[in-house]
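Novice: Sequence:
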Amino acid sequence: MYRSRLGTDLSDITLDYVSSINDDSQIALYDILGSQAHAIMLYENTIITKNDAKKILSALESLKKEKFNASSGAEDIHELIETLVIKKAGMASGGKMHTARSRNDQVTLDIRMKIRDDINIICNCLLDTIEALVSLAKNHQKTIMPLYTHLQQAQVGLFSHYLLAQADVLFRDFDRLYAAFSHVNQSPLGAGPVGGTSIAIDRHSTAKMLGFDGIIENSLDATSTRDFVAEYVAMIAILMTNLSRISEDFVIWSTSEFSFIELADEFTSPSSVMPQKKNPDILELTRGKTAEVIGNLTAILTTIKGLASGYGRDLQQIKSSIWSTSKISISALLILKSILLTLHVNEKEMKKAAESSYIIALDIAEKLVQNGIPFRTTHKIAGGLVQIAHQSNKSMNKLSMKEISKVAQETKTNPKLIME
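With my numbering applied, the sequence shown covers 1 to 420.
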């Protein structure tokens, strides 16, 4: 349709190489909605007649129910939809639909609408997951467990404390996406290919019809920028990194060496050969898919960084990275919420791990500080007690007065203060 300047059509091999029809299925509905708003605006400003508008709108409405054929011969969804509208409404009316518009402002409009909806879905999933974390925390306000640094036992804590920490992390993910939404929710429609249009259109009208907060005033910025895409995918990469860390904790804690938690059967996989295995494959895939999202961000930034100002066809390649990122994050959140709702917590094993180590060393040191002893000295005392307990293979609360006195003598401290 667009090749009037050129003498020949694309070969099948070239068309297959340049076509984005398969990726564009994700934005077909948004392209139709954008075209409907554009047609209404053209009629409002007496650029097309009422009859033209009715035919265009009717044709577009009928397309909402169709499945688009990837072998249609069109390079993208914009060309395909316009071709079908002209076929249904006739060239005299359908041929006017693209007046004062370019594929350049069309595609960024569609992407913005898609990301906008995805942000809303992801934010709802985030709130549901946070609710599941808080609900589980309420049930484990007295569940004692070790807290870790360097994956070594560090301090005594509560499982609820751990869960609420993850809730706080996800709240920040929510805040980041909420802020990104305002950058996405600006309309580029009507900006034309790069320098606007000489036809007197009303960009604010289409923006309002499509639910945008406003318009991107500069036409060059409106059509060629993809920083909003990079920002969105970066926010999701951070979110997925946070989900990956939770997944890693749960993978470790579900091992027989820890036995802190047990995942429901529906979130595990068996071995093809070892009958006893209950593998946390689902959580492992969250870790793996996090790498994919980070890769998507890298692909997007690498594509954008080499472009001159104005639209370049390179930008076509980032769409699949956007769709993949959204799908992965939504699924990961839905799965984590379900895991939390079905999680079995082994409170006895958590408490046993906290009691059978030297995890109270810092508490001892801080208790001695209250007696006026310098912290560096109390740190040495507690470290000495740990060393003796480790050498004698006993817990710190089983140390004898003689063993405690040895440490007290080395640090010139009253052993009775330590015994307290």
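Take the hints with a grain of salt, since some may be wrong.
What the hints assert, rightly or not - For lysine-lysine, the following DSBU-like pairs were computed, each having C-alpha atoms within a straight-line distance of at most 30 angstroms: (1) Lys-64 <-> Lys-114; (2) Lys-277 <-> Lys-305; (3) Lys-54 <-> Lys-88; (4) Lys-87 <-> Lys-67; (5) Lys-351 <-> Lys-277.
To be clear, the hints were calculated from the coordinates, so they are not data collected in a lab.
Novice: Next step is simple, just say for each hint if it's right about the structure.
Specialist: Here is how each hint holds up against the structure:
Under the criterion of a C-alpha separation no larger than 30 angstroms, the hint pairing Lys-64 with Lys-114 is consistent with the structure, at around 16 angstroms. At most 30 angstroms may separate the alpha-carbon atoms for a hinted pair to count; Lys-277 and Lys-305 exceed this at roughly 47 angstroms. Between the alpha carbons of Lys-54 and Lys-88 the distance comes to roughly 12 angstroms, so the proposed pair stays at or under 30 angstroms and holds. Taking the CA atoms of Lys-87 and Lys-67, the gap is about 16 angstroms. The hint holds against a cut of 30 angstroms.
As the CA atoms of Lys-351 and Lys-277 are separated by approximately 25 angstroms, the hinted pair is consistent with the 30 angstroms bound.
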